[in-house]
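Student: Sequence:
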Amino acid sequence: MLKKKYLSAFLTTFIALILVLAGCSGKSSTDADKKTKTENNPKEQPLAKKEGNSLTIAVSANLISMDPQDTNDTLSGSIQSTMLEGLVGFDKDMKMIPVLAESYEASDDAKVFTFKLRQGVKFHDGTPFNAEAVKVNIDRVANPENKLKRYSMFELVEKTEAVDEYTFRVTLKEPFGAMLNNFAHPAARLMSPAAIEKYGKDVATHPVGTGPFKFAEWDQSDHLSVEKNPDYWQKGLPKVDGIKFKPVPENGARVAMLQTGEADYIYPIPTEQAESINGKDGIVVENKQSIVARYMTMNTTKKPYNDVKVRQAINYAINKEAFLKVVYSGYGSKLDSIIPEKLQFYSKQTPYPYDPEKAKKLLKEAGYENGFETTIWGANSSTTMKAMEFIQQQLSQVGIKVSVVPMESGTLSDKIWNVQNPKDAEVELYYGGWSSSTGDADWGIRPLLAGQSAPPKSYNTAYYENKKVDELIKSALQTADSGKRKEAYAEIQKLVWEDAPWAYLVVDDTISGKKNYVDGIYLLPDGAMNANNAEIKK
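Count along the sequence shown from 1, add 325, and you get the number used in the numbering used here.
Misleading hints may appear alongside valid ones.
Claimed, not checked - The calculated lysine to aspartate or glutamate pairs, modelled on EDC-like cross-linking and capped at a C-alpha distance of 16 Å, are:
{"id": "1", "residue 1": "K799", "residue 2": "E499"}
{"id": "2", "residue 1": "K436", "residue 2": "D806"}
{"id": "3", "residue 1": "K809", "residue 2": "D433"}
{"id": "4", "residue 1": "K605", "residue 2": "E369"}
{"id": "5", "residue 1": "K569", "residue 2": "D556"}
It is worth saying that the hints were derived from the structure and are not from the lab.
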């Protein structure tokens with residue numbers, strides 16, 4: 326409690342200063358403003374010294390599993406990507422690209438998807454890559470009896486077929502226009518059928534794929550290592566002999582490893598240290614816009630949040646630019662739709678400007694001239710705490726008294742995701758975030774805003790329901806026609822934006838640090854890392 330009291334006092338002073346500065350300047354955050362943070366003459370530094378041709382990458386959390394079909398954390402998926410590949414994948418900008426499939430097509434009714442496979446590829450254990458191998462993997466994840474974490478992404482699979490040695494076809498129970506994006510998701514990466522049979526569930530610690538690197542060892546108390554696959558199907562790759570992934574949860578320790586050269590690449594970089602280390606000790610900090618949306622949900626089934634005027638008032642009451650500066654040190658951009666700009670079928674909306682007087686007017690019209698008391702829930706991480714304290718301070722300016730309740734992950738999970746009946750939901754305000762790793766609007770909208778997506782089934786913590794929105798979500802999935810899908814999602818975004826079940830806040834930047842001799846490693850917009858093209862410049 327004492328710590329929280331001092332943090333609140335500090336933030337109140339700091340936020341007041343930020344608001345004064347924001348008010349004095351007619352300039353808003355732009356890409357040009359952000360780029361100055363990562364262009365502190367880093368290219369003018371001489372190359373730092375590096376021995377050998379292997380890399381060490383320090384990451385922020387422990388690795389959970391190397392089974393792509395039973396993993397739901399982005400970090401584990403990042404390490405899997407060095408060893409395992411899917412039929413399709415994403416490029417740096419989350420645009421879909423062929424990988425182990427040379428081509429693919431969808432039927433007009435979005436129920437049948439056919440893939441022509443790359444020939445001459447083998448898994449690391451020598452097992453041939455072919456349509457039967459793909460069938461084994463997809464049958465495995467689509468079987469509910471296996472109880473794999475990624476089952477929900479493939480539960481619509483009705484039939485899989487090895488049409489011939491290098492043609493794979495999947496038929497769905499009902500139309501699903503976003504299915505190709507599900508195949509591009511990390512959950513659809515493929516493992517050797519021989520390894521699946523040999524190891525069973527232990528394949529999670531014995532991954533065997535077709536990627537540029539082979540699994541070497543996993544000391545779960547210290548690191549996971551991969552080594553060069555000399556028989557990789559893409560000529561010229563990989564360019565390094567191996568990579569060691571080392572979990573280092575403490576921000577300062579991770580940065581220190583980069584400064585001393587104990588690590589060659591780290592992510593994420595704590596935003597508050599990014600500017601101070603960039604361009605020094607051979608370090609280059611890189612940041613780019615992500616697809617990680619940050620928002621605050623409002624339980625639309627509870628008073629006063631069942632009134633759209635109250636929800637809109639809250640959007641007017643929060644200074645998004647100041648939020649970005651205080652909470653993320655300017656590394657990000659304002660959220661200007663219900664999904665981030667880099668997602669497929671994004672449609673920009675008219676922002677809610679910072680206007681406390683408009684907020685007070687709407688509250689008065691809704692019958693809350695004197696404000697009200699409420700509670701905000703969120704994780705107990707320092708960044709989330711800072712975000713909730715900021716929202717608390719902002720809403721106090723329009724008469725809304727907010728109690729901040731941070732929780733450890735287990736408690737938060739129980740209180741939010743395990744609610745069986747919406748009437749029993751205690752949540753009022755919830756600060757959270759979402760990354761749609763399929764790259765498609767569907768996964769950025771349906772789990773969070775469809776009427777059927779309330780906990781425990783999915784993640785609609787606003788308990789928002791709009792029948793027109795639900796109809797449009799369904800229609801967008803019943804076709805593979807991108808023009809029709811784009812039209813439906815544009816209308817969805819407009820309707821939800823006006824309904825304001827969330828306070829729309831910001832989109833994070835991805836942010837990483839590297840020694841200047843490292844090239845070819847990048848972060849995707851969903852926060853996943855790709856190190857397949859890593860090389861050491863001499």
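Student: If a hint holds in the structure, say so; if it doesn't, say that too.
Tutor: The hints, checked one at a time:
| no. | hint | result |
| --- | --- | --- |
| 1 | K799 <-> E499 | holds (11 Å) |
| 2 | K436 <-> D806 | holds (12 Å) |
| 3 | K809 <-> D433 | holds (12 Å) |
| 4 | K605 <-> E369 | holds (10 Å) |
| 5 | K569 <-> D556 | violated (20 Å) |
In this structure, only the earlier hint numbered 5 is contradicted, and the remaining ones agree with it.
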